[in-house]
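A.B. asks: Chain order of the listed sequences is X and P. Numbering of the first sequence is given in the numbering used here, commencing with residue 1 and proceeding in unit increments. Numbering of the second sequence is given in the numbering used here, commencing with residue 1001 and proceeding in unit increments.
Treat each hint with caution, since some may be false.
[Said to hold, decoys possible] Selected chain P positions facing chain X (Cβ under 7 Å, derived; list incomplete):
(1) Gly1182
(2) Arg1233
(3) Glu1234
(4) Phe1235
(5) Thr1238
(6) Arg1240
(7) Lys1242
(8) Gly1243
(9) His1253
(10) Arg1256
(11) Asn1257
(12) Pro1261
(13) Asn1331
(14) Arg1335
[To be verified] The following label-pair restraints were derived from C-beta to C-beta distances:
(15) X:Ala155 to P:Ala1011: 43 to 53 Å
(16) X:Arg141 to P:Ile1251: 21 to 31 Å
(17) P:Ile1109 to X:Arg101: 31 to 41 Å
(18) X:Ala206 to P:Ile1251: 30 to 40 Å
Just so you know, these hints were derived from the structure itself, not from any lab. In this text, a Cβ means the ideal position worked out from N, Cα and C, and glycines have one as well.
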Amino acid sequence: MSAQLSSARSGAIEKPADPLLSIRGLRVGFRKAGSQFEAVRGIDLDVAKGEVVGIVGESGSGKSVGMLAALGLTSKNAVVTGSVRFKGDELVGKPAREMRRIRGARIAMIFQDPLSSLNPVMTVGAQIAEAVRLHQRLTHRQAMARAVELLALVAIPQPERRVSQYPHEFSGGMRQRAVIAMAVANDPDLLIADEPTTALDVTVQAQILSVLRSLQERLGLGLVLITHDLGVVAGHADRVAVVYSGRVVEQATVSDLFADPRHPYTRGLIASIPNLEESRERLFSIEGSPPALGRLPGGCAFHPRCIHTEARCREQDPPLLDLGGRFSACHFATTLPPFHSASPASASLETGSIAP
Amino acid sequence: MSRYILRRLIAMPFLVLGIVTIAFLITTVTKGDPLTAIVAEQQMSNPEVVAAAKARWGLDRPLPERYMIYLGNLLSGDLGTSFITKRNVGTDILYRLPATLELVFAAMIFGTTLGIVLGVLAAYFRNSLIDHGARLFALFGSSLPVFWSGLGLLFIFSVVVNWLPGPGRLDARLPLPPGVTGFLTIDSLLAGNITVFKDALWHLLLPAFVLGWTVSGTISRLVRANMLDVMSREFVLTARAKGASEFRVVIVHALRNTMVPTLTVIGYSFAYLITGAVLTETIFSWPGMGSYAVEAARALDFPAIIGVTIVGGLAFLVTNLVTDILYVVANPRVRLS
C-alpha cells in the first residue's frame, strides 16, 4: 500500500513557502436554546497553491463545519473564532459583502449530495451562468456560452444540449460534474470539496475523483478533500489532517501518515480499512463511539476509546506537537510502538481487540 | 404541453354539462316551492293564478322536458329569466360578475403579495419578532370572521378617521364610466376620468383588504412552512457558496421552489371567492355574485341559482386549468400529459 501511495503523489511533498489558506485555532460554537457547545475546538491547517489536502474524520467530527465556518457559511447562531487567512487576508469577521466576492470566485466549495445541491427549478446552464455572472461582467449569452465550455471541461457529453436541461434530467454523477463545473467557473484558487463522492456509486466515485484531480492539476487549484474515506485520501491527497471531536489530532504527508501514524486514533482508522487478503477476519473497529458534542470527556477527547490511555490522558488535553514537518496531538506521539501499516491484522495484534 | 391543454379544453364542455345537470337537479330536490317566489301569498290559494303561473314558467311540464328546454336555451346563451328581478339571468350575472371579479382580483393581488412577503420574512427571521408578528397577523386574518373585521375596519376608517369612503363601489354622485370591462377602475382609466378612478379605487381598498387578509393568512403560513423546508436544502448552501446575495438566495433560489403548493392555494382561493365572498359583498354593499347568490337562494329563484352555480363551476374549471399550466412554469419536474 505504501509503495503505491508514494508513487501516487511523491513529487508534491515539499513544504510550501506561502500557504494559500492558513487556518489557525479555528473554533466554532453553537448557541441553541440557552445551551452552548463547540463543534470545532481548534483546527490548524495550511493549504498551498496546487496542493491537495485531505481532511479525514467521522461524521460529526467537525470537519465540514470547520470549512463552512472558514467561508462564513455557518448558520446565524454560530460563533466563529480563530484565524482563517486566505492569501494573507483574514476571513474571520470579514463583512458579508466582501465574503461574497471571495466565495465562488477565489474559493469555491462543493457539497456531498449532488441530488440536492442543484436547484431543481433552474436549468443546469442557468445555475452555472449565474455563478459566472455573480463575479464577472458578462452578458447572459456569454455566460451561457461559458457554461457550455465548463460542462465540456468536466467531460459531460453533448454540453450544448445538456446546458438547457434541468438537474432531474442528469444522473447523479453528471450532477456532481455540473456542480464541479459551477465551482471552477471563475477559476478559483482553492476548491473545498465536502465529501464529493459519498453519495455516489463506487464506479462513479472514481470518475468524479479523476475529474476533480485533472481539474486540480490543470488549473493549479488548491484542493481540500473532506472525506471519511481513507482510501480517497490515500489515492489523491498530498497531506492529511485527521480530525477527531472538533480538532486536528494528526497532520502529515500521506506517505508518512500511512507508513507511521503517530496518533492512536489514526492507527485505529487505518487498521479498520478492510483488507482483501485477510477477508475472513472480522473487520477491526475502534471500540466505543465518538463523544457527543458538548459532552466531551476531560483531558484528551479520545482517551475513553484509546488503548494507550494513561492517567495523564484523562487530565490533560495534549497540544498539537510538531514532530518535524508533521504534527500529532498525543502525549505519546514519539513513544508509540511501531505500526505495521501493511496489514491491519498486525495492528490488531497489538490491540488484541480483534476476534479471529 | 399544448396537446395537454387541448385535451383539457375538449373535456371542458362535458364537465360544464355535468355542472349544469347537477345544478338543475339540485333545484328539483329542494323542498321549497318556487311558486312562492312567483305568486303573491294571497293568490297562492287561487288555483287559476297558480296554474297560470305554472304554465307561464313551464313548471307544469315533466322534469326531463324542463331539463331539455333549459339545455336548449343555454346553448343559445339564454340562462332563463329570474323569478325575482324578471330580468335575464345572464344579464344579471354580466352586471354582477365584473364587480366580484374586480373585488376578488384586488383581494388576491393584495392577499398573495402580503402572504408571500410575510411568509418569506417569517421563515427567514424564524422565531424573531417579525416571525411572531407575521404569524399573529395570519392568525387574525384567517380566523377573524369577515363580518367582524369588515365592520370594525369600516367603522374605524370610514366613520372614526374618515379616510376611506363607506360601502358601495362608487360615490352615488359620480357617473358610471362606459362599461368596457365592467371593472370600474379600468373603465374609468380607459375613459380618462381620474376622479372616478380614484373614487373607485378608494371604495375598493377596504373590501379588498378584508378579503385579501383572509387569503394572506393561509398563504403566509404555507409559504413560511415551505420556505423553512427549502432553506435547509443543500442547493441553498450551494447558492451561498457561489457568492449569491441573501436576497438572491431567498427570492431566486428558495422562493421559486415553494411556488407549486402556493399556486394551488391561490387558484383555489380565487375560484372559491368568485361565489364565496358573500359576507364581504354584503357588508360593503358590493353588487357581486355572492350577494346575488344569497338573494337567489333565499327567494328560491331557480334560474338565478342555477346560473350562479354554473358560473361558480366554470370559475373552478378555468382556475384549475390555469393553475395546472402554471405548475409547469413553476416547476420543470411537473410533466403534463
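A.B. asks: Provide an ascending list of the numbers of those earlier hints which the structure does not satisfy.
C.D. replies: Hint check: 1, 12, 14 fail, others pass.
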